[in-house]
Amino acid sequence: MTVASDLKRDAAKRGLITAPGFIDLHAHLREPGFEESETIATGARAALAGGFTTICAMPNTEPAIDSPGLVAELIARGESAQAARVLPIATITRGRKGTELADLVELAAAGAVAFSDDGSPVADAQLFRNALEYARAAGRPILEHSQDLTLSAAGVMHEGVVSARLGLPGMPAAAEESAIARDLALAKLTGGRLHLSHVSTAGGVELVRRAKGDGLAVTAEVTPHHLALTDEWVAGSRAFAWEDDAPRAVPYDTATKVNPPLRTAADVRACWAGLMDGTIDAIATDHAPHASTRKDVEYQEAAFGISAFETAVPVLLMGVSAGWGTWERVVAALTTGPARVLGIDMPEGDVVVIDPRAAWTATAASLRSLGKNTPLLGRPLVGRVIAAYVDGRLRHELSVALAP
Amino acid sequence: MTWHRRHVLSTDDWSRAEIDLVLDTTSAMVEVLGRPIRRTPVLRGRTVILFFAEASTRTRVSFELAAKALSADVTNITASGSSVEKGETLLDTVRTLTALGGDVIVMRHPASGAPYFVADRTDAAVINAGDGWHAHPTQGLLDAYTLRAALGDLSGRRIVIVGDITHSRVARSDIDALVPLGATVTLSGPPTLVPSAWRCGMTPRGTTYEPDLDRALDGADAVIALRLQTERQHAGLLPSIREYAHTWGLTEERVARMRPDAPVLHPGPMNEGVEIAASVAHGARSLIERQVTNGVAVRMALLYLLAGTPEQRE
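From first to last, the protein sequence lines are chains A and B.
Using our numbering, the final residue of the first sequence is 1114, and nothing's skipped along the way.
Using our numbering, the final residue of the second sequence is 361, and nothing's skipped along the way.
Derived from the structure by calculation, the hints contain no laboratory data.
Predicted, not measured: the structure shown is a model, and the values here were computed from it.
Beta carbons: idealized from backbone N, C-alpha and C, even for Gly.
Just so you know, not all the hints are guaranteed correct.
[Claimed, not checked] One-sided and incomplete, this derived list gives chain A residues near chain B with beta-carbon spacing under 8 Å:
| hint | residue |
| --- | --- |
| 1 | 726 |
| 2 | 727 |
| 3 | 843 |
| 4 | 844 |
| 5 | 871 |
| 6 | 874 |
| 7 | 957 |
| 8 | 960 |
| 9 | 961 |
| 10 | 1009 |
| 11 | 1010 |
| 12 | 1011 |
| 13 | 1013 |
In isolation and in its complexed conformation, chain B is listed as follows (with noise of 0.2 Å):
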């Protein structure tokens, strides 16, 4: 298998084969952040420029650590993130960012598509770090990485992704980055937080929906929790957090319904006793310490493959 991307934009159209050699690059950086000096040289002279135009802390400190740890050069563009208040346009920073000169552009953004917009106009290799309701790669091959580090091959396992599937990034990654590599994924939420048509028979390959997250629960490898935003209530989506809390919030009892020791993992930020509690967060399944750290490792996988040179791909 050999590296032919130049961009990772989502991984809707990715073959096994390549999550596998991203999952396995990553295990290297793994090797390489337990280290002593968490650092190689791999990127020296390279630039990599985090373009976020959505409020983030994790994810671009994870970013601009991975970068660091490969000894690139890093800069960081903010920008507010509607084109319309901030009286820039998304075109004419794209034209900012070109002249730049960044190798690597890891961009997150509100619009969904907006990483397509931006590496159709660059000659940069573009990252996306989050775009809208649509994708946040990294954040899918962090959360396969870690689901592979504990359960061993992923082939026949059930994942359970429970929350507002509609509006996630994450889960349709997640979907994307575990599905080929043998899993199935069974979702669960509200019926106002999930796609209409996934509800009506037509669920992505490999997913299916299943409301009540007890039976979701039953006999599951892992559960993934997403995180629930309170504007949905006041958008009519919810009746109420609290109902919603008692209802998909993962409890000390509902996680006991899925196989022994079957891991919870959540993307962070949580907000302890709504989706999770926070027994549940800080227990013995949980993995979302190991999610974070991992989550370095994935990015520093994805800006080696795409900003290294080929011979130190060797």
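Next comes chain A alone, as it looks inside the complex (with noise of 0.2 Å):
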């Protein structure tokens, strides 16, 4: 008798469902260098209190993840945590510079389970070209931001009538289509592994989905907040894009950037059809904390990164009650999804248990995160995860003062 089997007939029991422990293929855990805004253990416990019972960390901390000896000790850092199973990606190239190749070879023999420059695309197209070659004698997938910088570079949000109103410089959609399409030229070149994080446009979509009819072995993730949040939150909207009106906030609040931006109402909804016709495949938080110190302060002058592990589950369970997707779809993009992705076999007694009724409000002091930087704090939120099995052990459980 698995631990599975067990808890879903006893959850069932009191309305409450289970799943398969979640896999996350995009988290920054800040360790090491940014122990400020989050660290190994840390945040594979806000992970686990989000749902999440495996999480990629992203190599994008000081000193970056390009070497085999620091992949082993994120393995042997994420081990002692007692938390999430923290699956290390390395960089694609040396210190991210994006001039020359990490040995992307003795890195996958590390334990590194994929490559990726995250926040910093790989502008140059014949290094890329080269990376992608290289990592099929790897056997591992690059997870490219795709996103053209010289388009990008001085937004600091979705370029659209939000922005112009705001007077805020913008990040066209097509800083990240024109990226995209360049990638999946050079995946259909080299034969290499291709995944796209975050993608975040309706046409990013649409260029993945032609892509996918054509053959091409691509796969793509969405984030929750590109699922639900707008460039109008940016303005002060606090509405989901499936909601026509909700409490507003003050204006610039620098918990709403994050790069790729918050886009319009129509990209959520064609990410949504995305995820229900598979061309999305995954489900991915791209957990980026920061502290107060880097978000405290003007809106142009703040870091990008929502901290997102621990309001992924009821965002997604309130667009499936929107009637935007369904939970059997989004648990798989949470599964089996990036499992795929990664090559991997689902952890058997990774276990999560969902109360989808609890209705909560996220605070700072809630949040077990380091990183509060979340444009979601006050919100109303309805779904909570209650418990969490790794290994068929019990590794989190909402403790009964803040349980509903």
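Hints in hand, dock the two standalone chains.
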């Protein structure tokens, strides 16, 4: 008798739902180098509180994870945290500088599950071609942050009506679309395993759909915030894309500053459509915690990123309740989808228990992550992870004091 | 109409009644400024802090004269724009400003939205004296006042705003002040300097975009020329300043396309010979000096509405 089946029976009696432990392809744990924003231990615990029992750590730390020794160190620190399973992603290029390839084969041998220079697209097309070719030898996917920096570098939010009104420099959707088009062409040329990180535009989703239709072995992810929040949030709206009205907040809240930026309601709808028809394979949080010193500043100077582990499940459940997607498909994109991207088996003893009706409000104090940078603080939410098991052991349980 | 705002950060959500109240109060202040002794005691004992994190002479002096004409105490704080380079964060500055205990903080800042950051963290009333590309509400209100004084009721009037719209807080605040008063606004300028959304049919309510300045000016009731920052050329947004002057500069021939006597405004400081010919800037249609005078009166009106006691406002 497995933990999963026992739990499932008990949970159903109490109106709870269970699911296999979630796998997050995209998280920033900040250690080493930025421990005031998050550590591997705090991040791995916050992940469990959000239902993620396996998380892939992005390598944009200081130092960047570009050598086998660093990969091994990250694995050791992840194990000692005794929380979510931490899988290291290594850089594509040495030091994330975008000039020469890191030792991809040795990094894979040391345990790197994928390669990414996340935050810094590989601008040099020849170098990116070489990365895709070489990653075949390593047997691992390249996770690319597809963005043309010559179009987006000055921007701090989505370019559109809202940025025009707020007087903030924008990042056009074309910055993502043109980069995805290039990356798809290079994947086709090389046969390398390309996974597109945080696709956020309707045009980007459509490019992936067509590439898959043509038989290209590409995969793609979307974040919970790109499935719910819009650029109107920068102007103070707190209405999810499927809502007409909601309380407002002060405009220029730096918690809404994220890259790729929050897009329009039409883009959100396209991301759900891509998720539902299989164009999008995975939901990944892009959990990007920041210390308050990086966020409690002018909008243009604030760091990009949303602390996202602990609010992912309610946001997705609320989207499902609004009829924009199905829970079955959401769960697949949180479990089997990302497992396929990584080429790993689903860990059998990983289970999460969710109360789909729990109404709660995220506060800075209630978040386990050191990063309190989410525009969802104070926003009424429905649905909450109440327990998480890793390898059959209970590793997270919502304390009675916090339970509804 | 009673005044209920704590801050003046932008006029993008103001009603016509609110704008009318400010403009009517401005008329009273113009009268004060016409007296032999240009001073009234309504803000005696109040402190106005001028926090300018971006170079400005005109606007700062205008606010200073306005506060002094109302008998307020005025103090100046200047800071370099970027919190990164000055080593003091905006949050530090807000804490200092709050501890100093001013009644009104007048602030200019290079970052769009910075006044919201300050207003959210202080008890003082905040007046935005210009934030990045976003808003310059006192300029919008003084332009509306100047145009109303020249043209009468602005209902059905068509005002042209020409130049670098994208980077212009003046353009945004002019739109926000003029459209509620019933005017329509025609935006004109190079496509690289007008927000893409506004060129693709999603222009703000009450506005249209017409790249051809001659067509925009045909039959217009007034024109507001914006300052062209020469660094836009270095950013690749303009082929040359010379071409800009030929294509979007206000010349005698161009302004003659408007209705007879239709006025010309400019927020200053001007690049004469670039966005406006010297003969237009100093010609019969120009209200540019009037704008400067009215600016003091509008700022007096707002300081009074924000910091005057309710009894004084009766």
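Hints, one by one, checked against the model:
1. 726: 39 Å, violated
2. 727: 39 Å, violated
3. 843: Status violated, d = 34 Å.
4. 844: 35 Å, violated
5. 871: 4 Å, holds
6. 874: 3 Å, holds
7. 957: 15 Å, violated
8. 960: Holds, because the Cβ-Cβ distance from residue 960 of chain A to chain B comes to roughly 5 Å (cut-off 8 Å).
9. 961: Because about 6 Å separates residue 961 of chain A from the closest Cβ in chain B, which is inside the 8 Å limit, the hint holds.
10. 1009: 5 Å, holds
11. 1010: 5 Å, holds
12. 1011: Result: holds, 6 Å to nearest chain B Cβ.
13. 1013: 12 Å, violated
Checked against the numbered hints above, the structure breaks hints 1, 2, 3, 4, 7 and 13 and satisfies the rest.
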